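Q: Below are the chains, spelled out letter by letter.
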Amino acid sequence: MADLPLHLRRLEAEAIHILREVVSEFRNPVMLYSIGKDSSAMLHVALKAFHPAPLPFPLLHVDTTWKFREMIAFRDETVRRLGLDLRVHINKEGLARGVSPFASGSQVHTQVMKTESLLQALNEGKFDAAFGGARRDEEKSRAKERIFSHRSVTQAWDPRNQRPELWRLFNTRIRDGESMRVFPLSNWTELDVWEYIRAEGIPVVPLYFAKERPVVKRAGTLLMVDDDRMPLEPGEKPEMKRVRFRTLGCYPLTGAIESDADTLDAIIDEMRQATTSERQGRLIDSDESASMEKKKREGYF
Amino acid sequence: MADPLRDDALPTLRLLTCGSVDDGKSTLIGRLLYEQKLIFDDQLSALERDSKKHGTVGADIDFALLVDGLEAEREQGITIDVAYRYFATTRRSFIVADTPGHEQYTRNMATGASNADLAILLVDARKGLLTQTHRHAIIVSLLGIRHVVLAINKIDLVGYDEAIYRRIVKDFEAFAAPLGFRSVVAIPMSARFGDNVSSLSPNTPWHEGPFLLDHLERVEVEDERRDAAFRLPVQWINRPHLDFRGFAGTVAGGRIKRGDPIVVASSGRQSIVAGILRADAAVEEAEAGDAVTLTLADEIDIARGDVLARPDNRPQVADQFTAHLIWMSQEPLLPGRSYLMKIGARTTPASVTELKHRIDVDNFEKLAAKTLALNEVGFANLATTAPVAYDPYAENRETGAFILIDRTSNETAAAGMIAHGLRRATNIHRQGLAVDRDAHAAIKHQRPAVLWFTGLSGAGKSTIANLVESKLMARGVHTVLLDGDNIRHGLNKDLGFTTEDRVENIRRVAEVARLMTDAGLIVLTSFISPFRAERALARDTAATGEFIEIYVSTPLEIAIARDPKGLYKRALAGEIKNFTGVDQPYEAPEAAELTLDAGGVDVETLAERVVAELEARGRIERL
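Just so you know, the sequences run in chain order A and B.
End of the first sequence sits at 387 in the numbering used here; the numbers just go up one at a time, nothing left out.
End of the second sequence sits at 1273 in the numbering used here; the numbers just go up one at a time, nothing left out.
Mixed in with the good hints there might be a few duds.
[To be verified] These stretches of chain B come out as covered by chain A in the derived footprint (C-beta under 8 Å, 3 or more residues):
no., segment
1, 877 to 889
2, 919 to 932
3, 1041 to 1053
4, 1198 to 1205
[What the hints assert, rightly or not] Pulled from the structure, derived: some chain A residues nowhere near chain B, Cβ distances all over 10 Å:
no., residue
5, His103
6, Arg113
7, Pro144
8, Ile158
9, Asp214
10, Arg222
11, Thr240
12, Asp278
13, Val302
14, Pro320
15, Gly321
16, Lys323
[As the list claims (entries may be wrong)] Across the chosen pairs, the derived CB separations fall in these ranges:
no., chain 1, residue 1, chain 2, residue 2, range
17, B, Glu949, A, Arg173, 32 to 38 Å
18, A, Asn114, B, Asp877, 38 to 44 Å
19, A, Arg113, B, Pro982, 30 to 36 Å
What the hints contain is simulated information worked out from the structure, not anything from laboratory work.
Please read all numbers here as calculations on a predicted model, not as lab measurements.
Ideal placement from N, C-alpha and C gives every residue a C-beta, glycine not left out.
The shape of chain A in the complex, shown without the other chains (with noise of 0.2 Å):
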């Protein structure tokens, strides 16, 4: 394989360096897997980083029931396929209680299913250091956050007591309870990710690129019908559309967009021509743009 170039070879040293760090210092981390292409992006870079041993922490993936049947797929399959330890929650609680996107809405079904499934995780498996894919060129909150993120017994951030991250020298000092989210990809861009993936030839799932699917537009979003649990409004019908999408979460909470790229190469050209930022397909965003930060201090990734 050619080398790859330059800035990519940087940024990929760069996470190395992040990973290694944390293995060296934390007794128990976990790489939260969300299983779209920032972390499959993650995962290959760790998989390289402590190449030749096998990666030293399990993978965690907060299932909310409503994510697209082919992201399950391509979990499942990718954790077969390099021999992953992977653990799987599911808020049993928020289930029992009928919690959903279309009963509860997106706001409650984030809250319930997203953020305090995910702090059950991390509590239930004692883990002090957890991995996750997020940039900081993703959105405006996110770009003031640290590459390690410290987080009180609560899980709680706190961004005007941040610590001073200088050099490559992280502070990874916590209280017993306390832990740290770190970000190994924090200096990556989406065009970085994409590139990266193009670069190593990462398989990344299907939805990212174009192809005929059922979908029906409601407030201006395209939403894929995905399984018969989506609630038809009067007069909708799933009609047949070229679609992908540019980032993936829960199926009835992201939106798709109109697209021809069907390979690598027309994903990264629609790219540079694109004139909205990717998390424009994200709903739980659109609230109001500080609500990103929000979700953060209470825990969300």
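With the hints as your guide, set chain B onto chain A.
A: Just chain B now, with coordinates in the frame of chain A:
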């Protein structure tokens, strides 16, 4: 597959923007993003909405709002932290650290600057150089940034006047001469209207270039790191099975090839690079910035925190050094308090032993100080509990930088940049020894020891020591006797009898004794050695369990009565100064391994007791 549009020779440029609040920093970054078409429609519509709500430029889009992140900041109109922005042109990727011009500026600027290779220093053309400009230039220089763009902004507001521009450039050159910048590029600019940002402006025909983006796309910043001496701080030991033992880390300077010799800085052990993995791929060579795993030809002892280097160009190793400190905590510095120092992959207890001075970052003046408060910069001596490998920060920003962590709150209390080591011997590196001390001793069928005889002059130390040595010799034991008078004729003939010189006298003897025990010998030393602290130092210098303190406890009256060399007589007459027992104290041992009363018992019996002690401690074989 590489992208044909990208110039792969140039890595991402990490840069810092600084300037005071009104100089237009955020506006400049917003302008750059906007002109590179990097502001998406949804962001632009949010921006238009926000501009009406919080904006400061009337109906125009306020680019600054695009860059100021957290909710509170937007409302207060200030940036309270470091924000990172990302953009790419067809030629290069950029990471911009945007740091506040307001409170906590030093802490935040230092944080942003620590990973930046270039700083854009904004100056308001109407105001010229301000105290803040000086401050920012000094911090940028302190953090080791070598490339500066002097962006003389708001040039539109002075009518694009070349003379004003020239005068500011001249002022800055005079001010910055001692700051050690490798390149200073001045550009007349209007961030608000885009003059000389993404193209040369027709409004400044007198400016030949470059425009900002042109310079940023071309400036080379990594060559210094690649040309530096090879350093690999070992971050993690990769040992998946018995056949693979790799040393993982990020190359902090220079290059390394397969087959190159390497040395572990702290132990002096050497080996040859057998293999290099860059990420997971076997390669022939690697350079600064690469995350590698090295395998070596020999099994040598290497742990996380060790630094690998070339044998002919090693980092220094010291447990004391001077450094610049930037204090980052609300809790002020406490000299003498134990902090944790993280340097490379090593974390070790450290304390500030002396704060030499505080530095006024407005003018580089040195001020007397007893402590450092938040955002203050100082120059201090530090001591670590174990020696660490390092380079001066000016030579290597990775191996010369450290942070101090508060051991109670765990917060990052300070950032530090090492100036130089304090021990004279910092350039002398420990040599890894092929034949170790155990082998030396084993061949002699004995275990080394230091028999440290202490007591008054005339107590009988040398007499007993001589007889002990004869007895040991007769049993085939290998010994050496270091006698106070003899050593003072040679090794220590430059030393007198002042307290300072007595301390140095004992330090040297302790070191010599250590070397002799390394050779497997039983060492007998006969020195008054009047101070407890120095005997404790001698004990610490010896290997554990090898130091046997023997107190020859002859009372002063008997020693004076004996006076074998006539010294007491002269001292009592005032002819000799600093004589132990007369005008200098003798601090008797509190817990000597052996006490010999040479006032009443005969020498033969005392010497036998010493030999018996050696037998009992397993140092020599029983007859």
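Q: Could you let me know if the closest chain B CB is still more than 10 Å away from the CB of threonine 240 of chain A?
A: holds (17 Å)
Q: So is the segment 1041 to 1053 of chain B in contact with chain A by the C-beta rule, three or more residues under 8 Å, or is the coverage claim wrong?
A: holds (count 5)
Q: Taking 10 Å as the cut and beta carbons as the points, is arginine 222 of chain A off the interface with chain B?
A: violated (5 Å)
Q: Are all beta-carbon distances from aspartate 278 of chain A to chain B longer than 10 Å?
A: Contrary to the label, aspartate 278 of chain A does not stay out of reach of chain B, its closest Cβ about 7 Å off (not over 10 Å).
Q: Since proline 320 of chain A was said not to touch the interface, does its Cβ keep a gap of more than 10 Å from each Cβ of chain B?
A: holds (29 Å)
Q: Was valine 302 of chain A rightly flagged as not at the interface, with every chain B Cβ beyond 10 Å?
A: With a cut-off of 10 Å, valine 302 of chain A remains clear of chain B, as the shortest Cβ separation is near 22 Å.
Q: Count the residues of the segment 919 to 932 of chain B whose Cβ falls closer than 8 Å to any Cβ of chain A, and tell me whether that reaches three.
A: holds (count 4)
Q: The hint says 38 to 44 Å between asparagine 114 of chain A and aspartate 877 of chain B; measuring C-beta to C-beta, is that right?
A: holds (41 Å)
Q: Within 30 to 36 Å: is that where the Cβ-Cβ distance between arginine 113 of chain A and proline 982 of chain B falls?
A: Because 32 Å falls inside the window, the suggested range holds.
Q: Arginine 113 of chain A: least C-beta distance to chain B exceeds 10 Å?
A: Arginine 113 of chain A clear of chain B: closest Cβ-Cβ about 15 Å, beyond 10 Å.
Q: Any Cβ of chain B at or closer than 10 Å to isoleucine 158 of chain A, or is the non-interface label fine?
A: Given that every Cβ of chain B is farther than 10 Å from that of isoleucine 158 of chain A, nearest at about 28 Å, it holds.
Q: Verify that the Cβ of lysine 323 of chain A lies farther than 10 Å from every Cβ atom of chain B, and report whether the claim holds or is violated.
A: At about 28 Å from chain B, lysine 323 of chain A clears the 10 Å cut-off, so the statement holds.
In terms of the numbered hints stated before, the structure departs from hints 4, 5, 10 and 12, listed from lowest to highest.
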